[in-house]
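Trainee: Those letters in the sequence shown? Residues 8 to 431, by this note's numbering.
Keep in mind the hints are simulated off the structure, nothing from the lab. Don't be surprised by glycine CBs; every beta carbon is placed ideally from N, CA and C. You may find that some hints are simply not true.
Have a look at the derived ranges for each label pair, beta carbon to beta carbon [unchecked claim]:
hint : residue 1 : residue 2 : range
1    : 190       : 292       : 45 to 55 angstroms
2    : 317       : 262       : 36 to 46 angstroms
3    : 251       : 304       : 46 to 56 angstroms
4    : 249       : 271       : 43 to 53 angstroms
5    : 415       : 78        : 30 to 40 angstroms
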Amino acid sequence: MPVTQPLPLSTPNRNLVRLTIVRGITWTGFLAAIIFGVEVLGFQLRVTAVIGVVLAMALINLATWWRLGRHRAVSDDEYLLHLLADVAGLTLLFYFTGGASNPFITYYLVPVTIAAATLPWRCAWIIAATSMVGYSTLLAFHQPVPQLTGGHAGSTGLNLHVLGMWLNFALSAGLVTFFIYKMAHALRSREQALSRTREAALRNEQVLAVATQAAGTAHELGTPLSTMAVLLAEMREEATENPMLQKDIELLRRQVDTCKRRLQELVESADRRRMGEPRIEDAEVWLAGLVQRWLVLRPDVSHRLEVAEHRGRPWLAVDTTLEQALTNLLNNAADANPDDIAIRLDWHDEEVVIDIRDHGPGVALSIADQLGETFVSTKSKGMGIGLFLTHATINRFGGGVSLYNHPEGGTLTEVVLPRSAAAN
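I would like the entire structure built from these sequences, with the hints used as guidance.
Mentor: And the structure:
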């Protein structure tokens with residue numbers, strides 16, 4: 008029987024693990040301080056109530072450890088509830104141990120700091136406000152400890168020292184929440200930016216590797232294609248008495264010429280370095296021309312091209328690599344099902360959207376999630392290079408590609424590109 012492996016710890020799960028450890032250490036320390044105060048210093052406490060609060064927090068900690076063993080991620084709301092439980096436990100403990108006069112009252116800053124560093128803005132301020140309410144309540148309602156109030160057990164008024172502590176806490180809680188949250192948010196944003204940069208660098212390395220291999224392959228293919236062209240010419244002369252064979256040979260010769268022409272265009276395009284200087288074209292005209300050129304290569308396809316009715320014209324920055332990327336997506340749709348491929352062009356203020364919908368079997372969600380990250384293919388015999396290079400090319404233009412399973416069947420491929428200003 009296979010053993011179920013635990014889920015990897017995400018950041019919220021790890022934070023809850025750390026919080027549980029901190030809680031265990033803190034409340035163990037509180038228990039030791041209470042025992043020392045009662046047995047050595049002779050504090051007059053409601054020991055039963057105080058020990059009850061400590062045991063309640065211990066039970067919460069045990070329940071938290073048990074929950075961390077479950078196969079379920081920790082949400083921000085759940086983490087917020089744990090911090091609220093800590094604030095409630097501190098408030099009860101301080102109520103029975105002198106209230107605002109307890110020297111450990113500033114421990115309220117610990118859950119405030121943790122919330123500011125790990126939780127969203129709203130949750131951080133909830134913890135800060137709850138701690139402030141607890142501290143303020145303890146100013147008026149608490150069980151006094153004579154040793155902590157200078158022997159005035161029955162005094163209910165506020166002295167300047169306690170009031171100053173309260174004002175210090177209010178200022179500290181506000182500053183800690185604001186600045187630590189901002190610093191933590193900046194660090195998280197920086198980590199995300201670095202992660203995106205690393206992913207882009209890895210993708211560019213893969214693209215460069217593919218491009219280098221393609222250049223070498225193009226060079227190596229030149230000689231066998233020339234040899235094939237010579238042999239086909241000789242075979243055509245020898246097959247003068249067989250019209251059917253001549254027809255097949257002529258078809259093969261045209262295919263060889265097409266391959267040679269494509270390789271030559273690839274070399275010339277790289278030599279002219281035109282890929283670094285995209286041209287601005289009307290997206291509707293450009294897409295219509297692209298579809299017509301694609302239909303020459305795929306005469307078996309039936310399609311319909313729709314253009315949204317908006318004011319203004321959708322201008323795009325395009326080059327040969329973008330044309331090849333869209334052609335790859337159209338070929339994928341045709342390979343899935345060549346019948347009734349729907350192509351739609353739409354645009355908004357800042358984006359141009361091209362939708363390609365086929366009526367094939369759909370695409371696995373795992374492939375849709377991995378699009379552009381590595382070589383994955385939607386076809387059983389595909390290598391995935393087409394999807395990878397398509398995603399890399401469209402990303403280079405500032406756009407993106409998404410694959411969806413259409414509710415009525417088939418795959419919907421959405422290409423989003425930035426809208427350009429009109430050409431001069």
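Trainee: None of the hints should be skipped; say for each whether it holds.
Mentor: Verification of the hints:
A hinted range of 45 to 55 angstroms holds for the C-beta pair residue 190 and residue 292, which are about 51 angstroms apart. Restraint check, residue 317 to residue 262: a C-beta distance of roughly 42 angstroms satisfies the suggested window 36 to 46 angstroms. In this structure the hint that residue 251 and residue 304 lie 46 to 56 angstroms apart at CB is violated, the actual value being about 25 angstroms. Remark: the range hint 43 to 53 angstroms for residue 249 to residue 271 is contradicted by a beta-carbon distance near 32 angstroms.
As the Cβ distance of residue 415 to residue 78 is approximately 35 angstroms, the hint placing it in 30 to 40 angstroms holds.
The structure fails hints 3, 4 (numbered hints given earlier, in ascending order).
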